[in-house]
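Student: Could you build the full structure based on these sequences and the hints that come with them?
Residue numbering for the sequence shown follows our numbering, beginning at 96 and increasing consecutively.
Treat the hints as calculated values from the structure; they're not laboratory data. Predicted, not measured: the structure shown is a model, and the values here were computed from it. By construction, the Cβ of each residue, glycine as well, lies at the ideal position given by its N, Cα and C atoms.
Cβ-Cβ distance ranges computed for the label pairs, FRET-style:
1. GLY170 <-> ARG455: 39 to 49 Å
2. ARG205 <-> ASP343: 33 to 43 Å
3. GLY130 <-> ARG205: 24 to 34 Å
4. SER340 <-> PRO244: 27 to 37 Å
5. ASP514 <-> PRO412: 31 to 41 Å
6. ARG496 <-> ALA275: 17 to 27 Å
7. SER340 <-> ASP445: 35 to 45 Å
8. ALA256 <-> GLY170: 52 to 62 Å
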Amino acid sequence: MNRCAGLVLVVVLLLSGCAAGSGTEVVTVLGPWTGDEQKAFRQVLDGFTRETGIPVDYQGTRAQNQVLRGDLQQGTPPHVAVLSNPAELAGYVGSGDVKPLDAVLDAEVRAAYSPQWRRLQQLGGNAVYAVVVKADLKSIVWYTPKSFPGPVPSTWDELVAVSRRLAAAGQRPWCLGMGAPPNSGFPGTDWLEDILLHRAGPGVYSSWAAGRLAWTDPAVADAWQSWGALVPAPGGGSTAALLTSFADAGRAMFADPPGCALEHLGSFAIGGYAAVPRPAGPPVPDRDFRFFPFPGAGGTGPSEVSADLAGMFRDTPAARRLMAYLAGAAGQRIWPSGGTTFSVHQRLVDEDVYRSDVTRRIATTLAKGGNLCFDASDLMPAAMTSAFYQAVLEYLADPARLPTLLDQLDRVRRDIGRDQWLDLPC
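Tutor: This is the structure we're talking about:
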């Protein structure tokens, strides 16, 4: 090696050593998002890095809970993990793996969230343990003005009448897809949760979600039977639903002629609709698709919601800064600016973040809605949730088995200890 080359090598090594020893901590984040969602969340993390200079290493996987358990067993948890199931995150709070955020989130940040969202972020405890990264409104029914020009239904009876009228006219009323490996059946659980919430009320819904109400209770059985009378009825498309991905079902609304007229799916459906290829260009909110609130027995009422929650598993200065950023207006603003994702930060509703009537209405309900009830299957212990998904599939295949399915579900409920249930009333 000549002296010049040796000098260059020494300089490179010295510079590398400075970088390695600069004290800049890389924050590790585990989350559920892959593909386009990962790219969108990456923009949020990149905004944090630009503001703070702290790099972030993100790992996206659909099996984030399994990966997280493995990391914890090895003693190498990520700094931050994002989970879609509050019950799972609450379990980590109970085991002491999730660190409290009371000293991380200042009073101004906490005041930007409604009391119901603040209660959710406590995960049943007395301290704040989570940050809502993004949220979805579940109590909505999508339609296209082209295929559904008349007045929208505002009561359950009107919804049933509309469904029957569409079927009588030879049109499939409901876009329905149950496929969502490894969670196939979850769209059906959203249906049943909404029906129970709007027909029996928040009190019954909360008791059921917390495992205090039997699956064989008349109110729960009525929800299943009401769904069976509406969707799996002739013309409803239940057989095809078992073979259709939930992400593809709504595309038929935009076909010519439309293959279905209505879809009950959370606000995340906007991203799927906006990606439907058409000669006239992708569908646009307001012009090409709209929604109406899920109707109850006497009109609209409470709303079912879901959320992705971030918890801090390693308490370091850099991790604290990331959690504060994710909860603040700057971090909350980036993802919703793309038009397909929603924040529950109240300040953003009053800013020019949501650019269509559809997205503004959803954002307002999420951030400032009066009575929000969290997705019950996301609150239930994992064994109960899995059994719920499977029962939906079996019910669609053979509705006559409902009494047996409800008995089986209640046996699962009774076998789960009370300490495994998360009680978060509406």
